[in-house]
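Colleague: The residues making up each chain are set out below.
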Amino acid sequence: MSESPRTPQPPAGGSIEDDVAFEPVIGLEIHVQLATATKMFCSCELSFGEPPNTRTCPVCLGLPGSLPVANARAIHLGLMIGLALGSELAPRSIFHRKNYFYPDLPKGYQISQYDEPLCRGGSLADVRIHRVHLEEDAAKLIHLGSSGRIHGSDASIVDFNRGGTPLAEIVTEPDVRSPEQASEWLKLLRTTLRQLGVSDVNMEEGSLRCDANISLRPAGTHELGVKTELKNMNSFRFIERGIRAEIARQEKILSAGGHVVQETLHFDPASGAITSLRSKEEAHDYRYFPEPDLLPVAIDQRMLADARAAMSELPVARAERLAREHGLSADSAQLLAFRGELGDYFEAALAAGGASSLAGDGVPAPPAQALANWVTGELLSRLEDGERAGGDLFSSRVSPRALAQLVGLVDAKRVSVGAARQVLDKLVAEGGEPQAIVDAEGLAAMDGGGEELAAIVAAAIDANADAAQRVRDGNAKAIGPIVGAVMRETKGRADGTEVARLIHEQLGT
Amino acid sequence: MIAADVLELSAAQAADAIAAGSLSAGELFEAYRARAGADHAAGEDGLNCFTWVADDAPAQHADAPASVPLAGVPLAVKDLFCTEGVPSQSGSLILEGYEPPYTASVVRRLQSAGARLLAKTNQDEFAMGSSNENSAYGAVRNPWDRERVPGGSSGGSAAAVAAGLAPWALGTDTGGSIRQPAALCGIVGMKPTYGSVSRYGMIAFASSLDQAGPLTRDVRDAALLLSHMVGHDPCDATSLSFPHAIERPSAERLDGVRLGVPAELTGEGIEAGVLDAFRAALAHAEQLGAQISDVELPHAPHALSAYYVIAPAEASSNLARFDGVRYGLRAENPSDLLDMYTRTRHDGFGAEVKRRIMLGTYALSSGYYDAYYGRAQRVRTKIADDFRTAFEHVDLILTPTAPTVAFKLGEKTADPLAMYLNDFCTVPMSLAGIPAISIPCGLSAGLPVGLQIAGPAFSENRVLDAAYALEQSLGFDGTAARV
Chain A
-9 MSESPRTPQP
1 PAGGSIEDDV
11 AFEPVIGLEI
21 HVQLATATKM
31 FCSCELSFGE
41 PPNTRTCPVC
51 LGLPGSLPVA
61 NARAIHLGLM
71 IGLALGSELA
81 PRSIFHRKNY
91 FYPDLPKGYQ
101 ISQYDEPLCR
111 GGSLADVRIH
121 RVHLEEDAAK
131 LIHLGSSGRI
141 HGSDASIVDF
151 NRGGTPLAEI
161 VTEPDVRSPE
171 QASEWLKLLR
181 TTLRQLGVSD
191 VNMEEGSLRC
201 DANISLRPAG
211 THELGVKTEL
221 KNMNSFRFIE
231 RGIRAEIARQ
241 EKILSAGGHV
251 VQETLHFDPA
261 SGAITSLRSK
271 EEAHDYRYFP
281 EPDLLPVAID
291 QRMLADARAA
301 MSELPVARAE
311 RLAREHGLSA
321 DSAQLLAFRG
331 ELGDYFEAAL
341 AAGGASSLAG
351 DGVPAPPAQA
361 LANWVTGELL
371 SRLEDGERAG
381 GDLFSSRVSP
391 RALAQLVGLV
401 DAKRVSVGAA
411 RQVLDKLVAE
421 GGEPQAIVDA
431 EGLAAMDGGG
441 EELAAIVAAA
451 IDANADAAQR
461 VRDGNAKAIG
471 PIVGAVMRET
481 KGRADGTEVA
491 RLIHEQLGT
Chain B
6 MIAADVLELS
16 AAQAADAIAA
26 GSLSAGELFE
36 AYRARAGADH
46 AAGEDGLNCF
56 TWVADDAPAQ
66 HADAPASVPL
76 AGVPLAVKDL
86 FCTEGVPSQS
96 GSLILEGYEP
106 PYTASVVRRL
116 QSAGARLLAK
126 TNQDEFAMGS
136 SNENSAYGAV
146 RNPWDRERVP
156 GGSSGGSAAA
166 VAAGLAPWAL
176 GTDTGGSIRQ
186 PAALCGIVGM
196 KPTYGSVSRY
206 GMIAFASSLD
216 QAGPLTRDVR
226 DAALLLSHMV
236 GHDPCDATSL
246 SFPHAIERPS
256 AERLDGVRLG
266 VPAELTGEGI
276 EAGVLDAFRA
286 ALAHAEQLGA
296 QISDVELPHA
306 PHALSAYYVI
316 APAEASSNLA
326 RFDGVRYGLR
336 AENPSDLLDM
346 YTRTRHDGFG
356 AEVKRRIMLG
366 TYALSSGYYD
376 AYYGRAQRVR
386 TKIADDFRTA
396 FEHVDLILTP
406 TAPTVAFKLG
416 EKTADPLAMY
426 LNDFCTVPMS
436 LAGIPAISIP
446 CGLSAGLPVG
456 LQIAGPAFSE
466 NRVLDAAYAL
476 EQSLGFDGTA
486 ARV
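Top line first, the protein sequences correspond to chains A and B.
The letter at position 443 of the first sequence is residue 433 when you use the working numbering, and the numbering goes up by one with no holes.
In the working numbering, each number is its position in the second sequence, counted from 1, plus 5.
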């Protein structure tokens, strides 16, 4: 994450010509499929692309007489999510029935939680959590015919394999202020949930789904505007684009003196169009009431202890630890922690560097901050942007130990920064040992103050007489071309500071 | 034994005879099958007790081993229990011909104890009714007087047992649907503590109230059948482990037993003949040594109002699944989804079911929930508290089971409120979730009157013992109803 979610985002209203700038207020509702073995209220195994209607039973088909039994594992995972978000865990929560007719809902109601959810409150980074509750997923409808929707289709068929899959719904407070922040925060949430092991959190496969509640208000005011709900965006890119499009639509309405209508909207990523699914008047009356087929969920000390014991270290806590234990800057620590694989690589490299140094390989252990900079800067940019773009750190040819040694060599001034970049190019392309590459390529740093370097500096001054004169005249920046010439001549082996010192010494400046 | 004698045996006696080797389970089954089959074949010219009768005795169980406690005694089962491969229609057209792929837990439990499925019994549609006139498969007639109703909703089960067409039967009770038809048909019917019998596989009416229970000729049969019904079922989250075994009742006296009579349920609205029989039963209890005292159930008169909010509310949701998508009736050639839903439900549900779906939908609607459903639940809590307080002073509570004897077919069909008043004495116990039994306690104008005995949760043994002692003392003769 290059921009931390703590970074305040500029209000999106800046572009309109009107004096009034609008501030977007965004709340997110995230549905996460929980990684249980069986469904929320029956013992059918979860489905991963099996033939339609092969993972069903009387309960998840809503056959007459069948009854739900709550999945204890799903409650356990829900508690872990609550712990991770710092929520208050309800000692007693209640399942409700949410009543509405639709062919993907076999009982005519969804079993969900309403006014007494499993978890309340909490936060992740700078976004507060309103609540987390458990519910069951709907089945999957396939509409035959050209429209692709139920209206106008020739026929619709229902695959109940997905019906009854356990979901945790995470609802945020309206603390998000921009499309970019929404997408960055969701990435942090995804990392957090993945780290917890509670879900596959795969947007493309639908195990992570997001709705956004969006409203605008004049910048600097506090009252909330009329909101719309943008449904079911299934990639981080679409979330950003969808929210941006909806903000633009509302801005246009409000700038023209109009009123935003409360409604549920659909964003079509292909056309960029936003269409209405239903207005406030058409909204369902879900007739919530406590599910009489289930007892309240009572959380006892043992369930809490089990959930706590199952927790792994989460990104926010990891950032704090990295900063505390290794003295990393806050930005570095957050970057490593929020992109978990960077943190994993960093910690592996730090450990390998320390170990091989102790084992007497002659290379000093690298300082942590320098190592972090190399991981998140030089190494990552080579893997993300170069020929090997898309490759992740651990599957690259650069072993954590090799990077640690390289940074150790730089820190000991045995290799200049410029030379080290060349060594890293070689490591990314071919792998190998940094010291061996330095030796083979003749990239070892030149001894500072040696006769050889002084002679090269003198030659560079002669070849750049104009620049030399400007330096003498007091223009310190003019030293650049002379340094460049020395570096070219030394293939980057010279230490930049030493070169600058020698130039000034010889020019008498 | 000749067939007529066989049919006079109580179920417990028949099981004992089979175990002793003096009776063949196959013969017993066939004797009942022939009689039930004849009534079924006669349709509405008969009692119309059944919606399905076994063609043959289940071959593999033909002679159940003596070690099976129910020894192959035939069992009639209310239509709304799911029975694999056998029509389970809950008295509704919307499930006409529906054969479930699984069997209800309580039926499976009884089958594994040796009971054999004889027939499915007629009932009010989705158990909504007190006269069995709301069945899509025709009204059931009362064997005491064929122009009268058998009560409901377990009317088919009650009439079949009273008429001797089945040795015993399973019913369900939501607000009185076992006890009231048992009373009107002169047999024993018991609603156990809520949660003691699994509801898995019972086609739901009102989930927080529905309980399965036995309809039998006598109290010992009720205890025997119930003893094989109770127990925790992992498929029903609301089911409980029954804390002790259901015993065979044997009390002859009621010395020291404190019986409470609530004025709220034994005065206004109860027919004079019913009250006479009730008071005569109280005199028997006193003779047996019981101490009878007044007891207060101050909120009981509000039970009916609360019940007719809570039960329809739950029903409106429970019946949403009958939408024509997966099973049962589906309207032909619908123009769109809404048309399919509305026509399927319009054609598939009867008038009473529609009335209750609308009542319940309204009661749960946004803006009305607190005034109706929320308030009804608060009344329910107060009624349960009333019973708790009362049971600090008395062991059992006695009331008439129904305010009237069996009424004429068609007499109350035009007046739903008059029909709902049938549940006046039974609904409070349903809302409180406590066990209650109805036993016949005499005749009024030649028709049976029921006595209701209720106790605290899980006091089934105490209730059965008192019922047994009174049954022996009262000496009610139900043979006049036998076909």
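Possibly wrong hints are sitting among the right ones.
To be verified - Derived lysine to aspartate or glutamate pairs resembling DMTMM-like cross-links, with alpha carbons at most 25 Å apart:
hint, chain 1, residue 1, chain 2, residue 2
1, B, Lys359, A, Asp105
2, B, Lys387, A, Asp105
3, A, Lys130, B, Asp281
4, A, Lys481, A, Asp463
5, B, Lys359, A, Glu431
6, A, Lys88, B, Asp375
Unchecked claim - Some residues of chain A that are not near chain B, with every Cβ distance over 10 Å (derived):
hint, residue
7, Asn89
8, Asp321
9, Gln496
What the hints assert, rightly or not - If the Cβ cut is set under 7 Å, some of the chain A residues that face chain B in the computed set are:
hint, residue
10, Phe91
11, Tyr99
12, Phe228
13, Ala273
14, Arg277
15, Leu284
16, Pro286
17, Ile289
FYI, nobody ran anything at the bench for these hints, they're computed from the structure.
Built from N, CA and C at the ideal position, the CB exists for glycine as well.
Colleague: Against this structure, judge whether each hint is valid.
Modeller: Each hint, compared with the structure:
As the CA atoms of Lys359 of chain B and Asp105 of chain A are separated by approximately 29 Å, the hinted pair breaks the 25 Å bound. A threshold of 25 Å between alpha carbons decides the hint, and for Lys387 of chain B with Asp105 of chain A the separation of about 23 Å falls inside it, so the pair holds. Between Lys130 of chain A and Asp281 of chain B the alpha-carbon distance is near 62 Å, which puts this suggested pair outside the 25 Å criterion. A hinted pair counts as satisfied when its Cα atoms are at most 25 Å apart, and Lys481 of chain A with Asp463 of chain A does not qualify at roughly 29 Å.
Distance hint between Lys359 of chain B and Glu431 of chain A is unfulfilled; the C-alpha atoms sit about 89 Å from each other, more than 25 Å. For the hint linking Lys88 of chain A to Asp375 of chain B, the alpha-carbon distance of about 16 Å falls within 25 Å, and the restraint holds. Distance check for Asn89 of chain A against chain B: the nearest CB is about 5 Å away, which does not clear 10 Å, and the non-interface claim fails. Distance check for Asp321 of chain A against chain B: the nearest CB is about 48 Å away, which clears 10 Å, and the non-interface claim stands.
No beta-carbon of chain B is positioned within 10 Å of the beta-carbon of Gln496 of chain A; the least distance is around 86 Å. A least Cβ separation of about 6 Å between Phe91 of chain A and chain B falls short of the 7 Å threshold, and the interface hint therefore holds. Interface restraint check for Tyr99 of chain A: the shortest CB-CB distance to chain B comes to about 6 Å, inside 7 Å, so the restraint holds. Violation of the interface hint for Phe228 of chain A is found here, the shortest Cβ-Cβ separation to chain B being roughly 28 Å, above the 7 Å cut-off.
The interface hint given for Ala273 of chain A is broken, as the beta carbon of that residue sits about 10 Å from the closest beta carbon of chain B, more than 7 Å. Because the smallest distance between the Cβ of Arg277 of chain A and any Cβ of chain B comes to about 4 Å, under 7 Å, the interface hint for this residue holds. Evaluation of the Leu284 of chain A hint against chain B yields a held restraint, the C-beta minimum of about 5 Å falling below 7 Å. A distance limit of 7 Å between C-beta atoms decides the matter here; for Pro286 of chain A the minimum to chain B is near 10 Å, and the interface restraint is violated.
For Ile289 of chain A, the interface hint is violated, since its Cβ never comes within 7 Å of a Cβ in chain B; the closest pair sits about 16 Å apart.
Checked against the numbered hints above, the structure breaks hints 1, 3, 4, 5, 7, 12, 13, 16 and 17 and satisfies the rest.
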